[in-house]
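Novice: Modelling step: build the complete structure from the supplied sequences, incorporating the hints.
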Amino acid sequence: MTDSIALSETGTAVSGRSLPSWAVHAVTIGIIVISLLLGFSFWADWFISIDRIVCTICVAIGLIISISKSWWNSDQPARFVAPCVLWSLAVIFLGLAITTSRPKFYAIALGFSVAGWFAAQMKGESVGNAIAIGLAFMVPALVRAFEERKAFAEIESIAVSVTSGLADVFGQSHYREGNTLYFGYGIADQFSCVGKWDSIVTFLGISLLCVFAFRRSLVSGFATCSLAFFVWIAVRATAWVVLSLVVSSTQQTSETAPITVMNWTFGIEIGLFLIGALLIISLDQLFSSLLAPIPVEFINPDFPLVAIFWNAMVGLPSLNPEVPSRAMEIEDYAEEFPV
Amino acid sequence: MNDRTWLQFAYWFTHESLKIFTAPMSVYGGAVDAMKGWKYSRNSTMFWIHLPAFLALASVYLAYGFSVFERKDSKVQRYGVEGERTLPTKTLENIANTKFSFLEPNRKPATLESAFPTERAKRAFQFASLLAKQVLSFQPNSVPTRYRLALMKSIEGEDEEAREIMFDLASGDYGIYPPASCWAASWIIQAKEDNREVDMKDLGKHLKNATSWNDCNVKLVSIFSMVLEQNGLSPAAIDVAVDAAKRDRAYNLQLARLYSRINNQEGLRQASYAAEEFFGAKLNTGNERDDDRLAIAEVRMLTGRLPQAASVLEEGLMNNAKRPLLSLMLSNVRIAMFQQSIVPGQNGTMTADMARLESAIDADPSNPSISEQAARLLTQKIKPTRKIIDALRKQIDSGITTSESHSLLAQGFYLMGNEKEAIKNWELAIAKNPKDSNSHNNLAFCLFKSASPNIDRALQLINTANTIAPNNAEILDTFGQILMAAKKPKEAINKYEQSIAVDENRIETRKKLVDAYLAAGLNDLAKAQKEIIESMEPKPESDEDTKDSK
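Chains as they are written, first to last, in the working numbering: chain A, 1 to 339; chain B, 340 to 889.
Accuracy of the hints is not assured; some may be wrong.
What the hints assert, rightly or not - Straight-line Cα separation of at most 30 Å, DSS-like style, residue types lysine-lysine; simulated pairs: (1) A:150 to B:472; (2) A:69 to B:375; (3) B:411 to A:150; (4) B:771 to B:851.
Simulated from the structure, these hints should not be mistaken for lab results.
Specialist: See the structure below:
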């Protein structure tokens with residue numbers, strides 16, 4: 001951790017209202033324990049599949065990096081309202097989970113309680129940052145909501161359409177029946193968003209790792225999360241069409257080739273997962289550079305409106321408070337264009 | 340502007356322009372960042388490093404975009420062409436048609452296993468089926484594709500589904516599609532051959548549509564001709580038979596038969612000439628086949644050239660006497676020659692050249708027509724030779740005589756007054772052909788008129804005869820008479836009235852009806868019927884005729 005440096009000229013007064021540390025810990029731990037105990041079956045269900053465990057590991061790594069980069073101390077006054085609001089929300093969601101028998105609300109309650117703890121403890125960061133960390137614990141609830149609203153089935157359907165289209169472009173005749181594509185010569189595939197190494201949940205984990213590790217802004221983070229779906233569809237579709245091409249070419253010479261080549265092996269799954277992860281990390285870098293906010297001192301004073309609008313859209317720059325901002329100096333121009 | 344300024348400008352412009360190529364990152368920095376309001380270009384090395392990932396992803400979705408905008412009909416065509424290349428429709432038809440044994444009697448019905456024995460062939464079949472399904476996902480009502488799929492289902496043994504699709508296609512709801520009509524017609528005919536319950540209503544329609552197709556099986560064309568003929572549409576039947584003969588010259592034989600039946604001598608001459616030429620050419624190739632020789636003999640028979648018909652068969656038997664089909668045909672030809680020799684002699688008797696019938700016996704002693712002819716001689720009161728009687732006895736003993744022979748024998752015995760032998764032969768005729776309504780009727784009449792009548796058996800027989808032929812006036816008349824003898828006048832009235840309804844000129848039946856009315860106490864009706872009889876008389880001859888036939 002780095003010692004905080006006061007940026008604000010007015011951040012000297014300390015509010016009289018503050019929460020003692022033991023109370024912050026006690027409230028948070030209490031809500032977490034209740035969420036874990038009451039929602040035990042939900043958490044047990046979450047950890048039962050390998051792709052969800054991979055997703056959890058990825059998010060955990062991202063969180064660790066994110067928290068290690070966070071500013072804990074500053075001259076900002078200790079927060080009182082924000083943690084209380086967040087914990088209240090956690091309690092409300094706990095109540096909802098109990099009364100409406102919706103276990104995914106335990107995950108939301110847990111997320112809010114963690115957000116409340118970070119809001120109270122991390123004085124050097126905004127409340128939004130604390131909420132972002134809390135959101136990480138709500139990922140299981142998000143996945144459950146996707147399942148319940150058949151969003152995964154919709155995504156599978158899109159993936160099948162894309163694969164079908166690609167196969168058509170590459171002259172691979174096939175037949176679609178629901179979410180299953182038959183490529184002939186013994187190749188058939190049932191698309192599935194969950195339950196495999198290359199499933200969309202593991203891809204979502206990689207996206208969230210990038211979001212937390214690089215501390216993306218809201219827009220950039222949303223773009224990175226969307227990438228999980230786009231990349232998953234593209235990688236899977238391409239893999240099937242390539243496999244089909246390989247099979248149809250070997251089929252000309254060998255009687256048994258299709259059976260041996262078409263197997264969707266564990267190795268292929270891992271390979272696709274790695275390719276997908278590489279694509280997501282690379283595209284996250286690309287989009288974050290495209291969606292980067294413009295530091296105030298680099299805004300062209302002759303042409304500021306678009307830049308201001310852009311910053312309003314993608315979020316303010318998160319500059320390291322160790323680097324003090326400075327006003328534009330005429331020497332800057334003089335250095336580059338000596339008269 | 341002086342030279343120096345121009346040079347400076349040119350230097351500056353070149354320098355700035357080259358930046359695009361020498362420092363590619365500045366393209367991004369110069370354009371996008373400036374638009375966004377950056378004062379300086381950023382170092383966008385990372386942009387160029389990560390751009391390939393974006394291009395890779397974009398290319399996948401771009402390719403997908405191409406497929407989205409590909410026309411549906413071009414996809415259909417592509418899949419159709421690939422399906423046809425994988426497994427041609429003609430091949431599927433050939434395999435599926437083996438289920439119709441009347442079309443191809445010598446081939447076993449194909450199954451998926453027998454038609455596609457190797458793994459590779461099976462995969463081709465599955466792939467063709469998959470492509471057809473895909474075409475239907477684009478165009479659910481694509482008739483040729485549904486037809487292909489129905490053929491595949493038929494091969495796979497899913498007959499009911501195949502039948503539903505084929506009859507739907509042949510119904511005309513999607514326009515005329517002759518291949519499906521061809522299949523539907525074949526299915527109906529095969530069902531009829533297998534004695535299955537089948538609706539024959541649309542057979543004519545299916546056959547008509549099927550025969551408009553050049554690739555339609557010629558056998559179906561010839562069947563259509565027969566169906567037309569049976570429905571009294573002889574001119575149309577001739578047109579269709581001529582069409583069949585054009586498709587396959589072997590069908591000139593059938594055309595000749597048709598011309599012979601409708602007694603069109605000119606047509607018969609042309610068709611028989613064409614048939615004889617065709618089958619003669621086949622014989623001349625040196626590939627001796629029974630069918631060709633039989634066809635030539637039949638054509639010669641149809642045109643009345645019986646000695647020539649006999650000679651072509653004798654020629655065939657000269658090299659190899661063990662050709663049963665030729666022997667049987669030769670026997671039939673000689674019987675026909677024998678029938679020509681039957682002429683009225685003196686004193687109202689008939690004479691015939693028995694040597695010809697004996698030669699028919701020589702050709703094939705087991706020909707059932709010989710016993711028929713021998714029996715007919717009895718009814719015509721012509722005395723057969725010893726050899727003919729021996730042949731008849733042998734056939735009776737070996738049980739190869741036909742129902743017709745026994746029926747004729749029974750008539751002969753009955754006319755000669757040998758009631759016992761007559762009853763025995765009618766019983767045999769019924770045993771050989773349980774659907775022979777005439778024998779049932781005649782035996783019932785004989786039993787009822789017998790010196791010691793057996794009314795119960797007679798009633799049973801005439802009831803069977805009436806069930807077999809419900810609208811036969813003669814049988815209904817006999818039924819009435821037997822019912823009267825059984826003292827059931829009301830039921831007898833019913834039968835007499837039915838008989839008159841079928842043929843209102845039956846005066847004798849009307850007279851019996853009058854008696855029945857009187858027996859039932861319906862005097863008014865009897866009187867009215869008598870008046871009708873009086874208005875119709877005199878017409879005694881027709882009634883006598885019916886008696887004779889009995």
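Novice: Against each hint, give a clear statement of whether it holds in the structure.
Specialist: Checked hints:
At roughly 27 Å between alpha-carbon atoms, residue 150 of chain A and residue 472 of chain B fall within 30 Å of each other, so this suggested pair holds. For the suggested pair residue 69 of chain A and residue 375 of chain B, the alpha carbons sit about 29 Å apart, so the restraint of at most 30 Å is met. Distance hint between residue 411 of chain B and residue 150 of chain A is fulfilled; the C-alpha atoms sit about 29 Å from each other, no more than 30 Å. With a C-alpha separation of about 33 Å, the suggested pairing of residue 771 of chain B with residue 851 of chain B is violated against the 30 Å cut-off.
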